[in-house]
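**Student:** Okay, here's what each chain looks like letter by letter:
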Amino acid sequence: MRFTKDHEWVAVEGDIATVGITAYAAEQLGDVVFVEVPEVGKTVGQGDQLAVVESVKAASDVYAPVSGEVVEANAELADAPETVNALPEAGGWFAKLKLSNPAEVDALMDRDAYEAFLSTL
Amino acid sequence: MSTDDLKKTPLFDAHVAAGARMVPFAGYSMPVQYKDGVLKEHLWTREHAGLFDVSHMGQARIRGENPARSFEKVVSADYQGLKAGKQRYGVLLNAAGGIVDDLMTARPDDDGLFVVVNGACKDNDYAIIAAALEGEATVTRLEDRALLALQGPQAAAVLAAHVPEAAEMVFMDARALTAFGVDAIISRSGYTGEDGYEISVPASDAARIWNTLLEDERVKPIGLGARDSLRLEAGLPLYGHDLDETVSPIEAGLNFAVGKSRREAGDFLGAERITKELAGDLARVRVNLKVLEGAPAREGADIADAEGNVIGKVTSGGFGPSFGGAIAIGFVPPAFAVVGETLKVIVRGKPAAALVVASPFVPTRYVRKL
Numbered sequence: 001m002r003f004t005k006d007h008e009w010v011a012v013e014g015d016i017a018t019v020g021i022t023a024y025a026a027e028q029l030g031d032v033v034f035v036e037v038p039e040v041g042k043t044v045g046q047g048d049q050l051a052v053v054e055s056v057k058a059a060s061d062v063y064a065p066v067s068g069e070v071v072e073a074n075a076e077l078a079d080a081p082e083t084v085n086a087l088p089e090a091g092g093w094f095a096k097l098k099l100s101n102p103a104e105v106d107a108l109m110d111r112d113a114y115e116a117f118l119s120t121l
Numbered sequence: 001m002s003t004d005d006l007k008k009t010p011l012f013d014a015h016v017a018a019g020a021r022m023v024p025f026a027g028y029s030m031p032v033q034y035k036d037g038v039l040k041e042h043l044w045t046r047e048h049a050g051l052f053d054v055s056h057m058g059q060a061r062i063r064g065e066n067p068a069r070s071f072e073k074v075v076s077a078d079y080q081g082l083k084a085g086k087q088r089y090g091v092l093l094n095a096a097g098g099i100v101d102d103l104m105t106a107r108p109d110d111d112g113l114f115v116v117v118n119g120a121c122k123d124n125d126y127a128i129i130a131a132a133l134e135g136e137a138t139v140t141r142l143e144d145r146a147l148l149a150l151q152g153p154q155a156a157a158v159l160a161a162h163v164p165e166a167a168e169m170v171f172m173d174a175r176a177l178t179a180f181g182v183d184a185i186i187s188r189s190g191y192t193g194e195d196g197y198e199i200s201v202p203a204s205d206a207a208r209i210w211n212t213l214l215e216d217e218r219v220k221p222i223g224l225g226a227r228d229s230l231r232l233e234a235g236l237p238l239y240g241h242d243l244d245e246t247v248s249p250i251e252a253g254l255n256f257a258v259g260k261s262r263r264e265a266g267d268f269l270g271a272e273r274i275t276k277e278l279a280g281d282l283a284r285v286r287v288n289l290k291v292l293e294g295a296p297a298r299e300g301a302d303i304a305d306a307e308g309n310v311i312g313k314v315t316s317g318g319f320g321p322s323f324g325g326a327i328a329i330g331f332v333p334p335a336f337a338v339v340g341e342t343l344k345v346i347v348r349g350k351p352a353a354a355l356v357v358a359s360p361f362v363p364t365r366y367v368r369k370l
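Protein sequence lines, in the order shown, are assigned to chains A and B. Letter by letter, the first sequence follows residues 1 to 121 in UniProt numbering. Letter by letter, the second sequence follows residues 1 to 370 in UniProt numbering.
Hints are computed from structural coordinates only; laboratory data are not their basis. Bear in mind the structure is a predicted one, so any value in this text is a computation, not a measurement. One thing to keep in mind: the hints can contain errors.
30 Å max Cα-Cα, derived DSSO-like pairs, lysine-lysine [unchecked claim]:
| # | chain 1 | residue 1 | chain 2 | residue 2 |
| --- | --- | --- | --- | --- |
| 1 | A | Lys98 | B | Lys350 |
| 2 | B | Lys86 | B | Lys260 |
| 3 | B | Lys350 | A | Lys96 |
| 4 | A | Lys42 | B | Lys350 |
| 5 | B | Lys260 | B | Lys276 |
| 6 | B | Lys86 | A | Lys5 |
Examples of chain B residues lying across from chain A (beta carbon under 10 Å, computed) [claimed, not checked]:
| # | residue |
| --- | --- |
| 7 | Gln33 |
| 8 | Gly37 |
| 9 | Leu39 |
| 10 | Lys40 |
| 11 | Arg69 |
| 12 | Lys73 |
| 13 | Val74 |
| 14 | Gly318 |
| 15 | Phe319 |
Computed footprint of chain B on chain A, listed as stretches where at least three residues anywhere in the stretch have a Cβ under 8 Å from a Cβ of chain B [unchecked claim]:
| # | region |
| --- | --- |
| 16 | 24-35 |
| 17 | 92-101 |
Each residue gets a CB set at the ideal place from its N, CA and C atoms; glycine is no exception.
Full structure from sequences and hints, please.
**Tutor:** Structure below.
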């Protein structure tokens, strides 16, 4: 698993990257009440808006940590947005992307680097 | 403003000790939520009793020979007719009939009027009020007092255990009395839609009283996040969001804040516009919307008619935890402000159906009779 400074995570299997937000981000957001996932077929560049997570109080953008085409979106979040809080780094994923530039993944932080980054916040 | 410039209420240390997440609000460092989070705090208040620090709000006394008469020059409500022991909601107006602030005014004892104004507005409010009172009455800030709000269905039982007189009060009663061993001003009111009290106490005793109330297992501290979702569900407008200097009390549906005797006399600032609007000549009015699909519509989202023409804006919106869905307050032309009308809200460019519903979103539980 790799991480961004915007607190997204990416898990890669073959050329498919699953994307979500970290436990830290989920904790900061508070109770998630609505998630807007991307449409399958949408192409995103690294840093583009990928999803929107809404807590009781506010909406927050989730950015694509890597470039690619959306091949699957997590439809279960429509009925169970609280999964983002309960299982942020597992069932609370937002989308699976077919990587268009796998080298972007290698440039992201590994868990140790991300933990070190969190300790500076 | 840097965090260092933020003011602290007398309860700042208590909030930090309780694990609150502190945020800048109205020039103060205030708790937005505690460890349980906004959703649980909201539901706790609706089911039990929530304790809020609202010490950032302004508290003042207006004193003089006939303080209500002088005060009425700049506010809409009938305060000369306010009986001893009662409190009344009103709005401070500008010359164009717009709302400068909304406020609560009480006559808790013989010491003139007791006024509570919004924290972000207080300096401007006091200047306007002082100018209106000049030569007849004075406005004195009560900077050495804190204000707590205890809200929820168990609030009355909790407070009565410490202050037996509280149980004898009904909605909008206000009394100066000795409570928790100090001089307190207690009103049976609040801004959550629940039964409850606002309790003004000396700042030096605030932390002790806060902790005393929290010793009761029915009470939990509640932050600004839940305060906002609670007042939204109760259909209560918030200054700086639903109310501002361009919005009149009639547009905002606050006709009750313009007293009957005041309407007849027409003797308040902005009377020309307000009189016209009371007769039905209105460009926009406040509506409550139930968002039927998609994301919550937040402040600033456009409201469109069924054909997609933009007709207004959302001024407050979010998720109502007790309501169980997305809700919003906004302003539209009167022709669209009909309960049952289907409109659209535009969230991130996507139109979604929204139904005009009656206020409040969640039934209020004020205790008007014992």
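**Student:** A separate judgement is required for each hint: does it hold in the structure or not?
**Tutor:** Structure-based check of all given hints:
no.	hint	in the structure
1	A:Lys98 <-> B:Lys350	holds, 26 Å
2	B:Lys86 <-> B:Lys260	holds, 17 Å
3	B:Lys350 <-> A:Lys96	holds, 23 Å
4	A:Lys42 <-> B:Lys350	holds, 16 Å
5	B:Lys260 <-> B:Lys276	holds, 15 Å
6	B:Lys86 <-> A:Lys5	violated, 55 Å
7	Gln33	holds, 7 Å
8	Gly37	holds, 5 Å
9	Leu39	holds, 4 Å
10	Lys40	holds, 8 Å
11	Arg69	violated, 42 Å
12	Lys73	violated, 38 Å
13	Val74	violated, 33 Å
14	Gly318	holds, 6 Å
15	Phe319	holds, 4 Å
16	24-35	holds (count 4)
17	92-101	violated (count 0)
When each numbered hint is compared with the structure, violations occur for hints 6, 11, 12, 13, 17.
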